[in-house]
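Undergrad: One letter stands for each residue in the lines below.
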Amino acid sequence: MKPAPFVRHVPKTLDEALKILADVAPQDGRVLAGGQSLVPIMAFRLAKPAHLVDINEVVGLDKVISDGTTLTIGARVRHAAFHKSVVDNPLGQLLSAVVRHIAHYPIRMRGTFCGSLAHADPASEWCLVVATLDATLVAKSTRGERLIAAKDFFAGIMSTALAEDELLAEARLPLLASDVRFGFNEFNRRAGDFAMAASLVTYRLNAGKIAEARVGLGGAESFPRRIVEAEAALNGKTPGDTVFRAAAEAAAKAIDPLEDHQTNAEYRRDLVRAVVRRALEQSA
Amino acid sequence: MDITLTINGRDHAIAVEPRRTLADAIREDCGQTGTHIGCEHGICGACTIIVDGEPIRSCLMFAVQANGKKIRTVEGLANGDKLHPMQQAFMDHHGLQCGFCTPGFLMLAIGVLEREPNISDDGLLDVLSSNLCRCTGYQNIIKAVRAAAKDMRKE
Ligand SMILES: Cc1cc2nc3c(=O)[nH]c(=O)nc-3n(C[C@H](O)[C@H](O)[C@H](O)COP(=O)(O)OP(=O)(O)OC[C@H]3O[C@@H](n4cnc5c(N)ncnc54)[C@H](O)[C@@H]3O)c2cc1C
Ligand code: FES
Ligand code: FES
Chain A
1 MKPAPFVRHV PKTLDEALKI LADVAPQDGR VLAGGQSLVP IMAFRLAKPA HLVDINEVVG
61 LDKVISDGTT LTIGARVRHA AFHKSVVDNP LGQLLSAVVR HIAHYPIRMR GTFCGSLAHA
121 DPASEWCLVV ATLDATLVAK STRGERLIAA KDFFAGIMST ALAEDELLAE ARLPLLASDV
181 RFGFNEFNRR AGDFAMAASL VTYRLNAGKI AEARVGLGGA ESFPRRIVEA EAALNGKTPG
241 DTVFRAAAEA AAKAIDPLED HQTNAEYRRD LVRAVVRRAL EQSA
Chain B
1 MDITLTINGR DHAIAVEPRR TLADAIREDC GQTGTHIGCE HGICGACTII VDGEPIRSCL
61 MFAVQANGKK IRTVEGLANG DKLHPMQQAF MDHHGLQCGF CTPGFLMLAI GVLEREPNIS
121 DDGLLDVLSS NLCRCTGYQN IIKAVRAAAK DMRKE
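Residue numbers (my numbering), protein chains in the order written: chain A, 1 to 284; chain B, 1 to 155.
Chain A extracted, bound-state conformation:
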């Protein structure tokens, strides 16, 4: 189907974009970033925004900057920017290991990191990454700037803490320790599909024992989050099959599984068990 009519705004600066967004937000005005989620939704007429604030010509939003402790990702940094490592740190490798699971090559040429966060699909890989690593999200509006912790950002399926006049201007991810180990695994039926469950794990080794474990889970609940029960099952233990299985079991038990036409709660828990264990195996 064809999208319903809308008025397009093409700001050139961030200030201009925020001003227009403040004006049109009350009339169902929205940001248009990569359009790789919004345009399909408009084609289905699930969304009929009256105004689109197209940020594709706003200068300065396409930067990825590292200051030695934090990686800052601008609002128009596209998925494809992460095909190669963007920073000389394990975080760069982590992001490029994850990105190839997002949609398909031509979609990655247009879709943006921040657009994925704002869209907040429960199975979004970038949402999982920011939740697992406790990133900070920077929301801007004419009212000012707000820093939102990833754990407070997601509010439900496709729902976030952003107000309608706020633009997600950047995502700030902490760089990782040089000895961090990570693993990522997702399950889906066809390459490029949204994950039916996905897990990202990171930890360090302290005298051979797991320390600072993070176990993130996506696609299994309304939004991705860290599963503390699984992290507790890892910290202080020697990495290995028994420990990994125990952590996977703890994660499967801890969740409130999403159910849909192809996945009941029991199957979702099975998938969680599998992706957490596989992510851990990959990290070892």
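Not everything, but these chain B residues come out facing chain A in the computed CB check (under 8 angstroms):
id, residue
1, GLY45
2, THR48
3, ILE56
4, MET61
5, GLN65
Everything labelled a hint here was simulated from the structure, so no lab data went into it. Owing to the predicted nature of the structure, the values given are computational and were not obtained by experimental measurement. All C-beta atoms in this analysis are idealised placements derived from N, C-alpha and C, irrespective of residue type, glycine included.
Got chain A sorted already, so can you dock chain B with the ligands onto it with the hints?
TA: Quick look at chain B with the ligands alone, frame taken from chain A:
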């Protein structure tokens, strides 16, 4: 809105509503019907074209966003009677049957190979998972693209 779409080096001055997708504008307003439309929501890849060197889904971009950009479609591949190596490889390896998906696959494969000539065979396989074909079973498309990739590297 009055815009100019530059398709395969030729300017098309057209007037479109902002909601007009690039795929529709190319076909309906510019008469270049080689670019096909299957799903209109990003799943099938039939509408894949190259904009400013990037292979993209033309059903997920608005025509107004392509104003002044360089657009390449399947019509621009052959040089007179001489087919592009990718087109020739699709013929040689029977990479098409009904041909509906073919323009999308050609633009996808060429777009990626021009950006990453040394992409691995596995990488190509992953790229080709982007588009759908209901006829060939994909094996001959994969063969064709791998063969053309070799030819394109030589050129
Ligand atoms: C076939 C297909 C398969 C896909 N598979 C996957 C997948 O496996 N994993 C995955 O994660 N994604 C997948 N996607 C979605 C894709 O990653 C999108 O790019 C992403 O979800 C949205 O980013 P965008 O830049 O395209 O945003 P848009 O589509 O432009 O916008 C999406 C929503 O976010 C809002 N928005 C965007 N940017 C901002 C901002 N800076 N501030 C405030 N609001 C904003 C928009 O108003 C809109 O409501 C797929 C898409 C398709 C078509
Ligand atoms: S018509 Fe564009 S992806 Fe199907
Ligand atoms: S050849 Fe018929 S759809 Fe691919």
